[in-house]
Amino acid sequence: MTAAATPDGAVPVAPRVHWIGALDPDLRRFDIILRSANGTSYNAYAVRGSQGVAIIDTVKSGFSETFFRRLESIASYDEITTVVLNHLEPDHSGALPELLRRARRATLLVSPQARLMLQGLFDPADLAGRVAFVGSGDHADLGDRQLQFLNTPYLHWPDTQCTWLAAEGILFSADFLGCHYCDSRLFNDAVGDFRFSFDYYYRHIMRPFGSYVRDALDLIEALPLRVVAPAHGPILRRDPHEYVARYRALAARTVYGAATKTLAVFYVSAYGATRRMAEAVVAGAESASTAASEVRISLHDLEGGEAAAFVDLIEEAAALVFGSPTINGDAVKPVWDLLSSLTVVDLKGKLGAAFGSYGWSGEAVPMIEERLRRLKLRVPLPGVRARLAPTGDDFAACHDLGREIALHLLGRPTPRTLDLAQIS
Amino acid sequence: MPKASITFQDIGVTITVPAGTRLIEVSEKVGAGIVYGCREGECCTCLTRIVSGHEHLAAPSVLEQQVLRDNLAPRRHRLACQAQVLGGCLVVQPA
Chain A
1 MTAAATPDGA
11 VPVAPRVHWI
21 GALDPDLRRF
31 DIILRSANGT
41 SYNAYAVRGS
51 QGVAIIDTVK
61 SGFSETFFRR
71 LESIASYDEI
81 TTVVLNHLEP
91 DHSGALPELL
101 RRARRATLLV
111 SPQARLMLQG
121 LFDPADLAGR
131 VAFVGSGDHA
141 DLGDRQLQFL
151 NTPYLHWPDT
161 QCTWLAAEGI
171 LFSADFLGCH
181 YCDSRLFNDA
191 VGDFRFSFDY
201 YYRHIMRPFG
211 SYVRDALDLI
221 EALPLRVVAP
231 AHGPILRRDP
241 HEYVARYRAL
251 AARTVYGAAT
261 KTLAVFYVSA
271 YGATRRMAEA
281 VVAGAESAST
291 AASEVRISLH
301 DLEGGEAAAF
311 VDLIEEAAAL
321 VFGSPTINGD
331 AVKPVWDLLS
341 SLTVVDLKGK
351 LGAAFGSYGW
361 SGEAVPMIEE
371 RLRRLKLRVP
381 LPGVRARLAP
391 TGDDFAACHD
401 LGREIALHLL
411 GRPTPRTLDL
421 AQIS
Chain B
425 MPKASITFQD
435 IGVTITVPAG
445 TRLIEVSEKV
455 GAGIVYGCRE
465 GECCTCLTRI
475 VSGHEHLAAP
485 SVLEQQVLRD
495 NLAPRRHRLA
505 CQAQVLGGCL
515 VVQPA
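Line by line, the protein sequences give chains A and B.
The first sequence: position 292 = 292 (this note's numbering), numbered continuously.
The second sequence: position 71 = 495 (this note's numbering), numbered continuously.
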C-alpha cells in the first residue's frame with residue numbers, strides 16, 4: 001500500500017508518474033449543487049519522460065502553494081515542457097497562470113472547445129503564444145513516452161478531454177470517473193468506502209450528459225486500463241474496469257428498451273377541471289397509439305408524489321405534458337417545484353406541451369411552455385387553455401393535443417404549413 | 425419582400441419566412457428542437473444539420489467557421505443563431 005500523502009510530498013502513482021494535487025477535507029458544499037461529507041481532492045499529476053515533464057491539471061487557487069511544493073519535490077520548472085488542462089473549471093485551473101509564469105518552456109494543451117473559455121478565464125498576456133489545441137489522434141511527445149488525447153466533450157464541461165499514457169496504462173480522466181471524497185491514502189484500494197460518493201457524483205454531475213457519457217465509454221472501454229486517475233477523489237488502480245462498468249450501468253438508456261416511448265402527463269387541479277382536461281389528453285394519446293407497447297402513457301397528480309421520483313420518470317420519458325390551473329397569474333407551485341428539479345437530467349429533444357383551466361387571465365399555460373422551451377424541450381403544439389368549466393370544445397382540443405403528441409412519438413406527426421407573419 | 429421556406433423535420437412543420445431571417449428566430453417560434461444558449465455564435469448549442477438547401481444560407485462568418493471547427497461540427501452543419509436564410513427551400517434538423 002502506498003503511504004498517505006504527506007503535507008508537502010508528491011505521491012508515486014506509477015514509474016515516473018506522481019500525484020501532486022491538494023486535499024480539501026473541510027469542503028462540505030461544492031459548486032452550490034453538491035454536498036460532500038468527506039471533502040474533496042483536487043488531483044494534479046506530473047509525468048516525466050526522457051525529454052521533459054508534463055503537468056496534468058492544477059488545483060483550486062487557494063491550494064496553489066501546496067501544489068507547487070509537491071511539484072517542486074519531483075521536478076524543476078525548466079524541465080516542464082507540457083501543461084495539460086483536461087478541462088478549465090476553476091478548481092483545476094486555479095494555479096495555471098502562475099504555473100505558466102514559472103514554467104517558461106511549457107506549452108498549454110487544451111481541447112479546441114476550450115478556446116473561448118481561455119479568453120473568458122485568463123489574461124491573454126499570460127497565454128500569448130503558449131497554447132496549442134489538441135484532440136483525438138493528437139499526442140504530446142515527452143521523449144520515451146507520449147501522452148495521447150481523447151475528445152470527450154461535456155463531461156461535464158464542453159472542453160473536457162481525457163489524457164492517455166499508454167506506456168503505463170493510465171487514463172487521466174478529468175472529472176469523469178471522479179468523486180468528491182478526500183482521503184489522504186489517495187488510492188481506491190487504500191481509502192474508505194467511497195462508493196456512495198462515486199454514485200452521487202455521477203447522478204449530480206454526469207447524469208445530464210448521458211449520451212456524452214456513453215460516447216466516452218465507447219472510447220475508454222477499448223483501452224488496456226491499469227489506472228484511472230481522475231481530477232477528484234480516489235485514484236482507481238485496483239479494478240479500474242469495475243468503475244467504468246458502473247458508469248455504463250448508470251448511463252444505461254432505459255429499463256423498458258428504446259422501442260417503447262413514454263408520454264407522461266402531470267397535472268394539478270383545484271376543482272377537477274384541469275384533471276378532466278388531463279384525462280382527455282391521455283384519451284387522445286391512447287387513440288393514436290394502436291398498440292400499448294408503442295407509446296406508454298401515464299397520468300400523474302403532482303400533489304400526490306415526490307419530485308425526485310418524477311425526475312427519474314421524466315429522464316426516461318419522450319414527451320412531457322403539464323397541466324396547471326392559473327392562480328394569481330401563475331402556474332401552481334408543485335409544477336414549478338418539478339420544473340426546477342430537472343437540471344440533473346438530459347431533456348434536450350423531448351416533446352413538451354401544457355394545458356390548464358383558469359378563471360380570468362390564464363397565464364399558467366404560456367409560462368409553462370416558455371419554461372419547457374428554455375429547458376430545451378421541443379414545444380411544437382399550442383397549449384390548451386379552458387376558461388372556468390371546460391366545454392366540449394376544450395376537451396376536444398385536449399384530445400387532439402394528446403393524439404398529436406402520440407403521433408409525434410410514433411414518427412407520424414400531422415404535417416403543418418405556417419407563415420411566420422401569422423405567428424409573430 | 426423575397427421569401428424562403430424552411431421545413432423543421434423533427435416536428436413536421438414547414439414555414440414561410442422573409443429572406444434574411446435567422447434560423448433560430450423561426451425555430452424558437454415553432455417550437456422545434458433546435459435549442460440555443462448564448463445566441464451570439466459562441467456556445468454551439470444551436471448546431472443544426474442542414475438536410476437540404478444549404479446553398480440558400482448566407483456564408484458563415486469567420487467566427488462561426490471557427491466555432492464549427494472547434495466543436496468538430498460535421499459538414500452541412502450551421503449555427504442556427506448565425507445562419508441567415510436568403511431564399512429558396514431548406515430542410516433542417518437539430519444536430
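A couple of the hints might just be wrong.
Straight-line alpha carbon distances no greater than 30 Å define the calculated DSS-like cross-link-like pairs of lysine-lysine that follow [as the list claims (entries may be wrong)]:
#1 B:LYS427 / A:LYS60
#2 A:LYS333 / B:LYS453
#3 A:LYS348 / B:LYS453
#4 A:LYS376 / A:LYS348
#5 A:LYS376 / A:LYS333
#6 B:LYS427 / A:LYS333
Note that these hints are calculated values from the structure, not bench results.
What you are looking at is a predicted structure, and each value in this text was computed from that prediction instead of being measured.
Structure-based check of all given hints:
1. B:LYS427 / A:LYS60: Given pair LYS427 (chain B), LYS60 (chain A) is violated - Cα atoms ~53 Å apart, limit 30 Å.
2. A:LYS333 / B:LYS453: OK: LYS333 (chain A) and LYS453 (chain B) at ~26 Å, within 30 Å.
3. A:LYS348 / B:LYS453: holds (17 Å)
4. A:LYS376 / A:LYS348: Measuring from Cα to Cα gives roughly 5 Å; hence the hint holds.
5. A:LYS376 / A:LYS333: holds (21 Å)
6. B:LYS427 / A:LYS333: Not satisfied, since the Cα-Cα distance of roughly 44 Å exceeds 30 Å.
Hints 1, 6 from the earlier list are contradicted by this structure; the remaining hints agree with it.
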